[in-house]
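There are 2 protein chains.
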Amino acid sequence: METVQLSRKEQIVLASAKLFREKGFEAASMRDIARALGIEAASLYSHIKSKDELLEIICFRMADRLLKAIDEVNDIYFNAEEKLRMAISNHVKIVTDDLDASSVFLREWRHLKPEKLKEFIPLRNKYEDGFTHILVNGENENVFEAADKKFAVLTILSAVNWITEWYQPNGSKSPGEIAGHLSDFILTGLKVKTPA
Amino acid sequence: METVQLSRKEQIVLASAKLFREKGFEAASMRDIARALGIEAASLYSHIKSKDELLEIICFRMADRLLKAIDEVNDIYFNAEEKLRMAISNHVKIVTDDLDASSVFLREWRHLKPEKLKEFIPLRNKYEDGFTHILVNGENENVFEAADKKFAVLTILSAVNWITEWYQPNGSKSPGEIAGHLSDFILTGLKVKTPA
DNA sequence: CCTACCGATCGGTAGG
DNA sequence: CCTACCGATCGGTAGG
Numbered sequence: 001m002e003t004v005q006l007s008r009k010e011q012i013v014l015a016s017a018k019l020f021r022e023k024g025f026e027a028a029s030m031r032d033i034a035r036a037l038g039i040e041a042a043s044l045y046s047h048i049k050s051k052d053e054l055l056e057i058i059c060f061r062m063a064d065r066l067l068k069a070i071d072e073v074n075d076i077y078f079n080a081e082e083k084l085r086m087a088i089s090n091h092v093k094i095v096t097d098d099l100d101a102s103s104v105f106l107r108e109w110r111h112l113k114p115e116k117l118k119e120f121i122p123l124r125n126k127y128e129d130g131f132t133h134i135l136v137n138g139e140n141e142n143v144f145e146a147a148d149k150k151f152a153v154l155t156i157l158s159a160v161n162w163i164t165e166w167y168q169p170n171g172s173k174s175p176g177e178i179a180g181h182l183s184d185f186i187l188t189g190l191k192v193k194t195p196a
Numbered sequence: 001m002e003t004v005q006l007s008r009k010e011q012i013v014l015a016s017a018k019l020f021r022e023k024g025f026e027a028a029s030m031r032d033i034a035r036a037l038g039i040e041a042a043s044l045y046s047h048i049k050s051k052d053e054l055l056e057i058i059c060f061r062m063a064d065r066l067l068k069a070i071d072e073v074n075d076i077y078f079n080a081e082e083k084l085r086m087a088i089s090n091h092v093k094i095v096t097d098d099l100d101a102s103s104v105f106l107r108e109w110r111h112l113k114p115e116k117l118k119e120f121i122p123l124r125n126k127y128e129d130g131f132t133h134i135l136v137n138g139e140n141e142n143v144f145e146a147a148d149k150k151f152a153v154l155t156i157l158s159a160v161n162w163i164t165e166w167y168q169p170n171g172s173k174s175p176g177e178i179a180g181h182l183s184d185f186i187l188t189g190l191k192v193k194t195p196a
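Chains A and B are the protein sequences, given in the same order.
With the first letter of the first sequence counted as 1, position 178 gets the number 178 in the working numbering; the numbers rise by one all the way through.
With the first letter of the second sequence counted as 1, position 97 gets the number 97 in the working numbering; the numbers rise by one all the way through.
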């Protein structure tokens, strides 16, 4: 029966993620965020430095979560297919677990200040590299074939990221089921496997 | 040696697409657009009604192009695999042909006025339906299998749409090659087809 | 296409 | 956490 008490700062981050997602970073105002919390805009600045800080917290937090997950998958021993299924499953779970933050992470990162962008982009690249590593594993094991691995990784990530655009928490599929379907699709494609 | 003379309005639309893509619809100002054309912001209003009109032109024009393409594919007789390859190829070509407008169409449509959003969303759905139709065809021909067709369509569209995020006109792959690779990937997936 | 300008709203600060 | 406020900038209009 214990309700976790979020710090005021954490409440502000949560409210801003929701509004950044709904209206976009630029269109959502500090006054909107304050209103959502029932306080005045000026009061926000006792807890945060700037509007930019909110975007930074959201984007870098999501990046950290995803990177930790992919590193874990690559550290623990699995064969390549298991690794890929785990990586996709982790990604889907992280993203569906916080749709507001994920959407902002995926859509609004462009509005990070140039200096923060310079930190952010390498994190995204590192995440991509984690997937590339799995594909290389798979090729060595003779279970995957992908002529252009970078291309394959971008395609896989596009599919897992697009989930934020249509996923509904009360929909018919659980995150685990979505991840399973997606993995099957990525592994074997659309064509019938047993000739008709 | 003939240079096509664009109307001033068309120049404004082009400049706004570039800026909406770079900065986002809200962050790009009418003064930015005017500066790009070497005129004053107030002068823009001799050619357009409002900033919103610019976004509407960009979004609905892209929607029209894509819808025409998918209708054409479904009208002309092809088998399902050819249809899918053609639909993907058309999509990639339309999107890479105008990356500014495509990016705005894919990212900034949320900022359309509510009344325009109500027109826009059905167009996106109609486009999705065009792809669903191809998958149904394929199932009837016993060449495709997709337990959840809506899911498969969303995955396919995510892959073709993500192209705007990384495609570079001077890159190593032509739009046709990208479409070919993508179609192969979607049709057969990552797994090796001939057992090792 | 320009000058001159409008009211509204923005992110943020001072000072309590 | 609030009141009171700042300079800057926004989309857009009037009138030529």
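Careful, some of the hints might be misleading.
[Claimed, not checked] Mimicking DSSO-like on lysine-lysine, the simulated pairs with C-alpha atoms at most 27 Å apart in a straight line are: (1) B:K193 <-> A:K23; (2) A:K126 <-> B:K126; (3) B:K173 <-> A:K149; (4) B:K23 <-> A:K126; (5) B:K149 <-> A:K93; (6) A:K193 <-> B:K150; (7) A:K68 <-> A:K18; (8) A:K191 <-> B:K113; (9) B:K118 <-> A:K18; (10) B:K113 <-> A:K51; (11) A:K193 <-> B:K193; (12) B:K149 <-> A:K193; (13) A:K191 <-> B:K126; (14) B:K49 <-> A:K149; (15) B:K18 <-> A:K23; (16) B:K173 <-> A:K93; (17) A:K118 <-> A:K9; (18) B:K150 <-> A:K173; (19) B:K150 <-> A:K118; (20) B:K193 <-> A:K150; (21) A:K191 <-> B:K116; (22) B:K51 <-> A:K51; (23) A:K173 <-> B:K191; (24) B:K118 <-> B:K18; (25) A:K18 <-> B:K51; (26) A:K193 <-> B:K191; (27) A:K149 <-> B:K193; (28) B:K93 <-> B:K49; (29) A:K23 <-> B:K49; (30) B:K18 <-> A:K191; (31) B:K49 <-> A:K113.
No wet-lab data here; the hints were simulated from the structure.
Is K173 of chain A close enough to K191 of chain B, meaning Cα to Cα at most 27 Å? 25 Å, holds
Can the restraint linking K49 of chain B and K113 of chain A be considered satisfied, given a maximum Cα separation of 27 Å? 32 Å, violated
Quickly compare the C-alpha distance for K193 of chain A and K193 of chain B to 27 Å and report which way the hint goes. 9 Å, holds
Restraint status (C-alpha distance of K18 of chain A to K51 of chain B at most 27 Å): Holds, because 25 Å separates the two Cα atoms, which is no more than 27 Å.
Given the hint that K193 of chain B pairs with K23 of chain A, test it: the Cα-Cα distance must not exceed 27 Å. The given pair, whose Cα atoms are some 45 Å apart, is violated under the 27 Å limit.
With a cut-off of 27 Å on the C-alpha distance, tell me whether K191 of chain A and K126 of chain B pass. Holds, because 24 Å separates the two Cα atoms, which is no more than 27 Å.
27 Å limit on alpha-carbon distance, applied to hinted pair K149 of chain B and K193 of chain A: Holds, because 17 Å separates the two Cα atoms, which is no more than 27 Å.
Starting from K113 of chain B, check that the Cα of K51 of chain A is at most 27 Å away, please. Distance of about 25 Å is within 27 Å: holds.
Hey, K51 of chain B versus K51 of chain A, does the alpha-carbon distance stay inside 27 Å? 25 Å, holds
Holds or violated: K193 of chain B with K150 of chain A, Cα cutoff 27 Å? Cα-Cα ~20 Å, so holds.
Assess, step by step, whether the Cα of K118 of chain A is no farther than 27 Å from the Cα of K9 of chain A, and give holds or violated. Given pair K118 of chain A, K9 of chain A holds - Cα atoms ~25 Å apart, limit 27 Å.
Tell me if the straight-line CA distance from K49 of chain B to K149 of chain A falls inside 27 Å. Violated. K49 of chain B to K149 of chain A sits at ~47 Å, over the 27 Å cutoff.
Checked against the numbered hints given earlier, the structure breaks hints 1, 2, 8, 14, 16, 19, 21, 28, 30 and 31 and satisfies all the rest.
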